[in-house]
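Novice: One line per chain: the protein sequences are A and B, in this order.
Mapping of the first sequence onto this note's numbering: position 86 corresponds to residue 86, and the numbering continues sequentially without gaps.
Just remember that this note's numbering sits 136 ahead of the position in the second sequence, which is counted from 1.
You may find that some hints are simply not true.
Partial chain B-side listing against chain A, Cβ under 8 angstroms, derived [claimed, not checked]:
#1 L185
#2 S199
#3 V203
#4 T224
Residues from chain B shown here face chain A by an in silico Cβ test under 8 angstroms; the list is partial [unchecked claim]:
#5 L191
#6 F197
#7 T198
#8 A208
#9 R239
#10 K243
#11 L244
#12 T248
#13 V249
#14 T250
#15 P256
#16 V257
#17 V258
#18 L259
#19 G260
#20 L261
Think of the hints as simulated: they come from the structure by calculation, not from any bench.
Every residue gets a Cβ at the ideal spot worked out from N, C-alpha and C, and that includes glycine.
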Amino acid sequence: MKSRETKLGAALREVAPPTARSSQDFWEDFRARAALVPQAAPHRAAPPVGRWLFVVGSAAALVVAVSAVSRLLTDPAGEGQQIASVPSLPTTVSGALSRVDDVQVFQDDASVMVFEDSENGGTVVFVEASPPSNHT
Amino acid sequence: MNFGSRPIWRSAVLACLALVAVSVTASAADKLDVILVKATNEGTSDAALKPYLGLLGRYGFTSYQAVATKAAPLKAGDVSLPQGFKATLGEGTGRRVPVTLSRGGKKLIRTTVTFAPKRPVVLGLYTGEAGAKMIVILVLAAR
Chain A
1 MKSRETKLGA ALREVAPPTA RSSQDFWEDF RARAALVPQA APHRAAPPVG RWLFVVGSAA
61 ALVVAVSAVS RLLTDPAGEG QQIASVPSLP TTVSGALSRV DDVQVFQDDA SVMVFEDSEN
121 GGTVVFVEAS PPSNHT
Chain B
137 MNFGSRPIWR SAVLACLALV AVSVTASAAD KLDVILVKAT NEGTSDAALK PYLGLLGRYG
197 FTSYQAVATK AAPLKAGDVS LPQGFKATLG EGTGRRVPVT LSRGGKKLIR TTVTFAPKRP
257 VVLGLYTGEA GAKMIVILVL AAR
């Protein structure tokens with residue numbers, strides 16, 4: 001095998017004898033050829049992605065937490081403020097209607113009626129007061 | 137995956153902003169529309185009140201005119217209306233809110249309502265005016 005390569009090498013040298021090139025010529029030629037081929041971008045040091053993701057995630061979690069707390073603070077239990085002048089009406093027509101839980105009228109001799117009008121999609125509160133009496 | 141590329145950072149920032157926007161929207165209070173209506177037996181009804189004429193008609197008048205429409209967050213606070221009327225929303229629980237209607241500082245009616253979106257509550261007020269009635273419509277606007 002080695003003798004074959006030697007013969008082949010000798011034959012090639014006879015056909016195309018190698019020209020003497022300086023190392024400078026070689027590298028200039030190399031760089032010129034390399035410039036014709038797209039090169040991969042040099043590797044850059046990546047920013048600290050983990051740290052930024054942690055900051056962004058923390059900020060998002062903080063926003064969600066503040067939102068939840070604000071909703072809780074704006075919805076305090078107000079059960080002690082209810083007035084039961086009129087008993088709560090059972091939702092007999094439709095649960096989708098707004099529900100009037102209680103009504104208090106600041107008028108003497110006034111009568112109140114709450115009507116859940118499912119036909120028209122609303123709740124009507126009637127307040128009627130007796131006219132001033134003419135009796136003395 | 138190149139975490140250092142700009143598109144990824146832009147996407148991350150946009151996602152964060154979207155999350156903030158969604159959170160702010162979710163935490164915003166519901167909106168309550170307060171409509172003051174004058175009912176009489178003269179003239180025709182206000183076209184703007186068409187969605188409510190079925191309910192208003194229960195009072196038996198022939199004409200309903202919108203005097204004012206105000207929007208307010210569904211939380212404690214006052215909603216000033218013309219002619220000295222005022223709707224005062226108290227501290228409630230969720231959409232269950234006490235509402236007091238007054239005129240000139242004098243309380244007329246107080247009620248506690250559990251509002252359903254787009255389901256109005258119509259309050260007919262006794263004001264002592266002959267031949268007319270003031271009516272307040274409370275509507276929770278759907279988000």
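Novice: Work down the list of hints and note, for each, if the structure agrees.
Specialist: Evaluation of the provided hints:
A hinted interface residue such as L185 (chain B) counts as satisfied when its beta carbon comes closer than 8 angstroms to some beta carbon of chain A; here the least separation is about 12 angstroms, so the hint is violated. Interface restraint check: S199 (chain B) against chain A, minimum CB-CB distance 17 angstroms, threshold 8 angstroms, status violated. Nearest Cβ of chain A to the Cβ of V203 (chain B): about 18 angstroms, over the 8 angstroms cut. The hint is violated. Hint on T224 (chain B) is violated. Least Cβ distance to chain A is approximately 12 angstroms, over the 8 angstroms limit.
A hinted interface residue such as L191 (chain B) counts as satisfied when its beta carbon comes closer than 8 angstroms to some beta carbon of chain A; here the least separation is about 4 angstroms, so the hint holds. At about 13 angstroms, the closest approach between the beta carbon of F197 (chain B) and any beta carbon in chain A exceeds 8 angstroms, and the interface hint on this residue is violated. The closest approach between the C-beta of T198 (chain B) and any C-beta of chain A is roughly 17 angstroms, which is over the 8 angstroms cut-off, so the hint fails. Hint status for A208 (chain B): violated, given a least beta-carbon distance of 14 angstroms to chain A, over 8 angstroms.
The criterion of a C-beta within 8 angstroms of any C-beta in chain A is not met by R239 (chain B), whose closest approach is roughly 11 angstroms, and the hint is violated. Proximity of K243 (chain B) to chain A holds as hinted, the smallest CB-CB distance being about 4 angstroms (cut-off 8 angstroms). With a cut of 8 angstroms, the hint placing L244 (chain B) at the interface with chain A holds, because the nearest CB-to-CB distance is about 6 angstroms. The restraint placing T248 (chain B) at the interface with chain A holds, with a minimum CB-CB distance near 4 angstroms, inside the 8 angstroms limit.
Below 8 angstroms, beta-carbon pairs count as interface contacts, and V249 (chain B) has one with chain A at about 6 angstroms; its hint therefore holds. Nearest Cβ of chain A to the Cβ of T250 (chain B): about 4 angstroms, under the 8 angstroms cut. The hint holds. For P256 (chain B), the shortest C-beta to C-beta distance to chain A is roughly 4 angstroms, which falls under 8 angstroms, so the interface hint holds. The restraint placing V257 (chain B) at the interface with chain A holds, with a minimum CB-CB distance near 5 angstroms, inside the 8 angstroms limit.
Residue-level restraint check for V258 (chain B) holds (minimum Cβ-Cβ distance to chain A is 5 angstroms; threshold 8 angstroms). A hinted interface residue such as L259 (chain B) counts as satisfied when its beta carbon comes closer than 8 angstroms to some beta carbon of chain A; here the least separation is about 5 angstroms, so the hint holds. Annotation: G260 (chain B) was flagged as interfacial toward chain A, and the flag holds, the nearest CB pair being 5 angstroms apart, inside 8 angstroms. A least Cβ separation of about 6 angstroms between L261 (chain B) and chain A falls short of the 8 angstroms threshold, and the interface hint therefore holds.
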